[in-house]
Amino acid sequence: MEMAAASRRASALALSLLLSSMVLVLLGVCIGSTGFGNLLNDLFSAAPGSPERAMAEQIVWNIRLPRTMGAWAAGALLGLAGALAQGLFRNPLADPYLLGSATGAALAVALALALMGGAAGMVGGSAVKAVVISVVSTHWLVRFGLTGAAFFGAILGVLLTLALARGVQHTLRLLLAGVVVGVVLGAATSLVLVFSPDSLQAMQAFLLGSTSFVGWAACLLMLAILPMCAVAAWSLSRTLDGLSLGEATAASLGLPLVPLRAALIAILALATGTAVAQTGLIAFVGLAAPHLVRSVVRVTHGQLMLLASLTGGVLLSSADLLARWLIAPQELPVGVLTAVLGGSYLLWLMHRSGNTLSGRVI
Amino acid sequence: MQPVAVSANSVNASMGQTPILLGVNASFRKGRWTSIVGPNGAGKSTLLKVLAGLLPCTGSVSLLGKPLHDYSRRERAQTLTWLGQNEAAAEDLGAYDIAMLGRIPHQGWLAPPSALDHAAVERALRATHAWEYRTRPLGALSGGERQRVLLARALASEAQVLLMDEPLVNLDPPHQADWLASVRALVLKGTTVVSVLHEISMALNADDMVIMAGGRVTYEGRCIDTATHRALETVFDHRVAVLSVADQWIAIPK
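Line order of the protein sequences matches chains A and B.
To convert, count from 1 in the first sequence and add 7; that's the working numbering.
To convert, count from 1 in the second sequence and add 9; that's the working numbering.
The hints are simulated quantities; they were obtained by calculation from the structure and are not laboratory data.
Given the structure is predicted, the values throughout are model-derived calculations rather than measurements.
All residues carry an ideal CB built from backbone N, CA and C; glycine is no exception.
Each hint should be verified, as a subset may be incorrect.
Which residues of chain A face chain B? A partial, calculated answer using Cβ under 8 Å [claimed, not checked]:
| id | residue |
| --- | --- |
| 1 | Ala13 |
| 2 | Arg245 |
| 3 | Ser251 |
| 4 | Thr256 |
| 5 | Arg305 |
Some chain A residues well away from chain B (every beta-carbon gap over 12 Å; in silico) [as the list claims (entries may be wrong)]:
| id | residue |
| --- | --- |
| 6 | Gly56 |
| 7 | Gln65 |
| 8 | Asn69 |
| 9 | Gly174 |
| 10 | Leu198 |
| 11 | Ile232 |
| 12 | Leu329 |
| 13 | Leu339 |
| 14 | Trp355 |
Reference excerpt, derived from the structure (chain A facing chain B, CB under 8 Å, subset only) [claimed, not checked]:
| id | residue |
| --- | --- |
| 15 | Gly249 |
| 16 | Leu252 |
| 17 | Ala258 |
| 18 | Leu260 |
| 19 | Gly261 |
| 20 | Thr307 |
Please put together the full structure from these sequences, using the hints given.
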């Protein structure tokens, strides 16, 4: 009976997260620098075909809707990747960027910005020169180049970690290799920026994370990758449950650990790489989402990953709304908000763990 | 005499560069409980891991008359269960979920647990007296309660061969007695049980005993034999004495 109650609680959480997601998407369409009232007025009162109505449709359809849905999808990918990373590394403080994907993406974006800035200068007078080289640029050449660079950088960062760890057999070696790759690629990124100071501002936007440049292409890409990653991760979740008993026990259960771990890392890299490529480095969503789920229900990894994914979507959508609303018509970088909120949550978590620990000692 | 369930033949194994097992020969008979004892660092846990196929070795290991490496992972896990020493476990998973992990070898890749799986898990949790806290997460359990859940995980597999490394860690005397009763019941049903135990008095309750020292098997015999008791005293440098108290063999430190 209690098992059924736990299952009902998980279902209720999933349902409330889905409803929250829908409400947030609706709010996301309404909130922006143009204001809610003005936009509604233009959308429903202006004559069909009038410039006001066309502008309002443009704002809702081409800017706010893809951005809001994209923020949800990026958060969902990071939430899923966070739950996966914490299960894979058996560490509740593991986050999706642990395997070098974040620093790999950052280095690749820094290199791309430096190279594109140079290219624009050399072409001189061409359309490329007119493009402001920035991660918030919507010009297809720049967007494709930066997004592609971030994605491949993230994947290369993970591959470098795997090469250093000599495969996926040893969790601790993987973690250490991830830390080393993070430090080395971080230093390389700084070096690139020293030699390319023009890229600093654009790079800062990438490092802080932003959802403001997510268009339909990025949104649809993330919405397509998300179910693929979620289904694949869920189908392998029993491995994570088995791994929670230790590697030797998991192997004794007949689980082929090496290929399964490789598959889980591939899913982690794909989910993280896709999100990072579209939104930059958004902090703490991947770390906090699984913890938030655990604070409500205790579930197996399969359910945890799906619930953490929904929670990540809700978290990033909420942060995106706040970023747009707090100092409107200006906008805060969403990554700053997630870092402040996530950091506070982490501090609270440490405080709470400390209390529990002292309680146990007493 | 019962046929051999598991055997190690001229087995050598190392941990990194350090050799741990040096040409070990040992056999464990079907439907009997064998305890492995010996001083610290004798290679007892390593032998158990080798028998479970969890550690590479030279020599050969056979399971129910067939080389261990001829079994698929799944077949091996269905036939043989290993319970590790100080087994880690996710604090978040509930006791029932942990016990259900023992059924992984019997489940299809994406198939939900069957009625048979649920029945096996309930039997195992009841046998270890963990049924009453089945919904609680492992992180909320005491050391002894946690050990009983991990034991239930091993029992839930209902394998023919059960290898247990220090299964009595954290268990109080009444639950040690329950464990003993569970093992006896399993053996009566034909299960082969091999356990590494440092509580020598508990180990003397087994049917057979394998004594190890310095990476080698120094003695194999029945627990009730006087020669076994003498071998036990010898391997511990005569710092234990095996005595009969109330029709039971016990080992006391000297």
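Structure-based check of each hint:
1. Ala13: holds, 7 Å
2. Arg245: With a minimum Cβ separation of about 6 Å from chain B (threshold 8 Å), the hint on arginine 245 (chain A) holds.
3. Ser251: Cβ of serine 251 (chain A) sits 3 Å from chain B, so the hint holds.
4. Thr256: holds, 6 Å
5. Arg305: holds, 5 Å
6. Gly56: holds, 52 Å
7. Gln65: About 45 Å separates glutamine 65 (chain A) from the closest Cβ of chain B, which puts it past 12 Å; holds.
8. Asn69: holds, 40 Å
9. Gly174: Holds, because the least Cβ-Cβ distance between glycine 174 (chain A) and chain B comes to about 15 Å, which exceeds 12 Å.
10. Leu198: holds, 37 Å
11. Ile232: About 21 Å separates isoleucine 232 (chain A) from the closest Cβ of chain B, which puts it past 12 Å; holds.
12. Leu329: Correct as stated: the minimum Cβ-Cβ distance to chain B is 29 Å, above 12 Å.
13. Leu339: The claim holds: leucine 339 (chain A) sits with its nearest Cβ about 34 Å from chain B, beyond 12 Å.
14. Trp355: For tryptophan 355 (chain A), whose nearest Cβ neighbour in chain B is about 18 Å away, the distance exceeds 12 Å, so it holds.
15. Gly249: At about 6 Å, which falls below the 8 Å cut-off, the nearest Cβ of chain B leaves the hint on glycine 249 (chain A) intact, so it holds.
16. Leu252: holds, 5 Å
17. Ala258: Check passed: Cβ of alanine 258 (chain A) comes within 6 Å of chain B, closer than 8 Å.
18. Leu260: holds, 5 Å
19. Gly261: Status holds, d = 3 Å.
20. Thr307: holds, 6 Å
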